[in-house]
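Asker: Chain by chain, the residues:
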Amino acid sequence: MSEEALVLLAAVTVLGVLQQAYFSLQVIYARRKYLVCPPATGGPPEFERIFRAQANCSEYFPLFISVLWTSGVFFSQGLSSVCGLLYLYGRLRYFHGYSQSAQQRLAPLYFSAEVLWVLVGFSVLGVFLSLCRVYLDVDLLHKLGSALDLV
Amino acid sequence: MSEEALVLLAAVTVLGVLQQAYFSLQVIYARRKYLVCPPATGGPPEFERIFRAQANCSEYFPLFISVLWTSGVFFSQGLSSVCGLLYLYGRLRYFHGYSQSAQQRLAPLYFSAEVLWVLVGFSVLGVFLSLCRVYLDVDLLHKLGSALDLV
Amino acid sequence: MSEEALVLLAAVTVLGVLQQAYFSLQVIYARRKYLVCPPATGGPPEFERIFRAQANCSEYFPLFISVLWTSGVFFSQGLSSVCGLLYLYGRLRYFHGYSQSAQQRLAPLYFSAEVLWVLVGFSVLGVFLSLCRVYLDVDLLHKLGSALDLV
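Chains as they are written, first to last, in my numbering: chain A, 1 to 151; chain B, 1 to 151; chain C, 1 to 151.
The hints are simulated quantities; they were obtained by calculation from the structure and are not laboratory data. Treat each hint with caution, since some may be false.
Because identical chains cannot be distinguished in the list, a pair is counted as satisfied if it fits within a single copy or across any two copies.
Claimed, not checked - Calculated cross-link-like contacts (lysine to any residue; reagent style SDA-like; alpha-carbon spacing at most 20 Å): (1) LYS33 <-> LEU106; (2) LYS143 <-> SER101; (3) LYS33 <-> GLN103; (4) LYS33 <-> LEU144.
Could you put together the complete structure from these sequences and hints?
Answerer: Below is the structure:
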């Protein structure tokens, strides 16, 4: 595993961490604005929406990082990084949408869920092809290429 | 670090992500069934148990992934992957048990905690042996092998 | 990526997992002491502070691990591991401070946030230098060294 094969994934990961830091700061500002002192997590709906938006993004962050890297290492670094950027863009719109109303969180939530499923699909495919190479000594991509050549 | 040395860990990781996605869907269905609209997280006990089961699994997911990979890279990929599958099986039983009653979450919770401790133990051992090799230039496993040969 | 280049990061990671396990045990003890049965998460302020302290540390754990590794792989394993130990020390003081009062969580919270920002800074710098090497074929560190030699 060389530096070249991982650096784009690392760049998207750092962007993702910065985004989570930004969301956490919004919760801190909302705590001050709506006077909700820790350890309380309940308060006016405006506060609770921001709090839940951040909690939901936090919860998905490890899943996102896991599939970003398995997809990037076992399938394609370029495609995975593009999906990673789209996911982060979707999460930014989700956070701002949810801050406005529960309804406005839905469209970007579906969008980022779909991007996450694409990364899951790439991961499954990449890991499956790799298992075939390692344990069955069969290179399916190579075989597919040869078959297409024959056509 | 070659593809062969990591592919089983990647396979278990993707399975773990799929399991978390399944748990998240169960929370969405429970929100609809028990009419608990976001951002609320409180509701009838049936809903709260499913919500907490998912939250607990989410919370442990990064710990699980961390020890799965340190144990797999520094100790043994095969043993770590087997433990990983057992952990995911335990978490599935935990989720369904907790959905039924708080009591029924206990047995699978203890089981998955034990498997996690085994992965922590493998990680500590693997990292310790590796630190000895790298910083003390001592290969304890090799020494142990030689000592056993002499007996 | 060799064993030597990663083993300190793995050691800090395992320490971090052990710390999270310790925090989780404290929540279990607090549930017993203050008679807060799952799935409830509300109760006397003493319990809620311990519960929130653990939840906050859990939430930051994936961010911490992400920047620890990107900083360690792309910038410096030694510096990242030292920052990692400082972060874990800050989190331990945060947890015990928060258990006492919401006020006492603040100083160690700021400390661990600052250490996390240092790791983010190292990650950004390391990934940026690596992107320059890989995609622009420019080794900025080497250039800087040559420039300083000329002075």
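Asker: At most 20 Å between C-alpha atoms: does LYS33 with LEU144 qualify within a copy, between copies, both, or neither?
Answerer: This pair counts as neither: shortest intra-copy Cα distance 59 Å, inter-copy 46 Å.
Asker: Given identical chains, is LYS33 near GLN103, meaning Cα to Cα at most 20 Å, within a copy, between copies, both, or neither?
Answerer: between (22 Å within a copy, 18 Å between copies)
Asker: Could you figure out if LYS33 and LEU106 sit no more than 20 Å apart (CA to CA) within one copy, between two copies, both or neither?
Answerer: between (25 Å within a copy, 18 Å between copies)
Asker: With 20 Å as the alpha-carbon cut-off, assign the pair LYS143 and SER101 to within, between, both or neither.
Answerer: neither (51 Å within a copy, 51 Å between copies)
Checked against the numbered hints listed earlier, the structure breaks hints 2 and 4; every other hint is satisfied.
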